[in-house]
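Chemist: In case you want the letters, here they are:
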Amino acid sequence: MGGFSDLWPPISLTLTLSLVTTVILLILGTPIAWWLARSKWAGRDVVGAIVSLPLVLPPTVLGFYLLLFLGPNGPGGLLAGLWGARTLAFSFPGLVIGSVVYSLPFMVQPLRNAFAAIGEEPLEAASCLGASSWQRFVRVALPLARPGYVTGAVMSFAHTVGEFGVVLMIGGNIPGRTKVLSISIYDYVERLEWEKAHLMALGMVIFAFIVIAVTMTIDRRTSAPS
Amino acid sequence: MKRLVLGGLMAGLAFVGSAHAETAGVAVAANFTAVAEQLAEAFKVETGHELTLSFGATGQLYTQVTQGAPFDVFLSADDERPTRAVEEGFGVEGTVFTYAIGALALYSTALDVSNGEEALKGDFSHIAIADPETAPYGRAAIETLTALGLYDGLSARVVTGENITQTLQFVESGNAELGFVAASQVVGKSSQWLVPEELHEPIRQDAVLLTHGETNEAAKAFIDYLKSPAATAVIEAAGYVVE
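Going down the list, the protein sequences come from chains A and B.
Take the first sequence: its letters are residues 5 to 230, numbered as in this note's numbering.
Take the second sequence: its letters are residues 952 to 1194, numbered as in this note's numbering.
For the record, the hints were derived by calculation from the structure and aren't laboratory data.
Heads up, some of the hints might be wrong.
Stated by the list, open to error - Chain A stretches covered by chain B per the calculated footprint, using a threshold of three residues with CB under 8 Å from any CB of chain B:
no., region
1, 25–32
2, 64–78
3, 90–98
4, 187–196
To be verified - Some chain B residues flagged as far from chain A (calculated, every beta-carbon gap over 12 Å):
no., residue
5, A1070
6, K1140
7, N1167
Since the model is a prediction, treat every value here as computed from it, not as a measurement.
Every residue, glycine too, gets a C-beta built ideally from N, C-alpha and C.
Please construct the entire structure, taking both the sequences and the accompanying hints into account.
Modeler: Set out below in structure tokens:
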């Protein structure tokens, strides 16, 4: 308490969490989005809908299921047993799992749109020139989908920074481990330490503004006629 | 014709409303949740007044009161905030009183905690407490651990519930093996240890009539009702002490 030195740990934790989540989502989101954009299978829309669920569900629903999923009676508890822990709740890995689920649509949606926008022609052309399917993906699809990757990464990162309800339910509010920025703002408000709440909240407003401005700039650049 | 009947009905309802039953908003500290619901029901039967209950950590509710939340009565889990409410002009002078004295319990669904001190020295990965800054039961938990000389060794394993009901939920869901909760929350449950009262400051839970409810008949009646033998019997049965 007292000084302002306790402002930094939640910020650095939040940035780490958002970074790890974004990297995992880039890896996880690519095959999902690629498949969603290219598949002709009838069940595709069902999968698409499942991926988009976190957009609509209240964080409390996710938090509730995650709590059971991560707990000693769920798969998370089994996994945690590998290194002698009992539950994945109240831990950084637990928050990462929650954030990945929570921000999944923010990565998959832009990627899917970007892949879909490429169309068949460039890929067929590459195929005619003798490119393998892996080469087509890496040398043609990835570069063409770059705006989608930038948007997806920015949105996933920002969405994870702004996460509150899920972390409140599965985090246990441990300083340095699960006490993220949004939770500590909430705490400062409840404790009537409004000076600190103001500082952090204002920082968030500026951050959100920058994110939105950057995203809009990217959008305009990529949609402008070349 | 239809409209006339409806109009008459509305007028009748409005009349009933003003003459007899009113509705009051009550901010209730989370540990008192179940008892407050029970009391509100009995209170309605007895007086016809309706209560709208809002639950939360004491600090959280008080912050809302200072920001003009439409609460008429505040059932705090401490004896600081109601007094402070009066000092800061949010509470009506002379209406503060202790409606219950709470007891702290160590509770578990995974371990045998009937010998609390042993259990606290034992092997577990998480112990849940309520946020000590906003929830008096959380503060009492810290005081207890400190009195037992165990706090420094355990602090890395402490997880904090936003209020006492979330703390209980952490234990019930099995994510924390044990936790300090209000004795009233775990009445009749098996593995628990009632914390001796000399280990922490008494948890005196005070109530206050808020200025928002100064002219609300339901709010004033509820304050009186809380002191009635019928209400104190319910409160005592729930594991609290009433003076």
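Chemist: Hint by hint, note whether the structure agrees.
Modeler: Evaluated hints:
1. Counting residues of the region 25–32 of chain A whose beta-carbon sits less than 8 Å from any beta-carbon of chain B gives 0, not enough to reach three: the coverage restraint is violated.
2. By the rule of at least three residues with a Cβ nearer than 8 Å to a Cβ of chain B, the coverage given for the region 64–78 of chain A holds, with 6 such residues.
3. For the region 90–98 of chain A, the stated coverage by chain B holds: 4 residues have a C-beta nearer than 8 Å to a C-beta of that chain, and at least 3 were required.
4. Counting residues of the region 187–196 of chain A whose C-beta sits closer than 8 Å to any C-beta of chain B gives 5, which meets the bar of three, so the coverage hint holds.
5. Against chain A, the non-interface label of A1070 (chain B) holds: every CB pair exceeds 12 Å, the least being about 16 Å.
6. No Cβ of chain A comes within 12 Å of the Cβ of K1140 (chain B); the nearest lies about 18 Å off, and the non-interface call holds.
7. Under the 12 Å C-beta cut-off, the non-interface status given to N1167 (chain B) relative to chain A holds; the minimum distance is some 26 Å.
The earlier numbered hint that this structure contradicts is number 1, and it is the only one.
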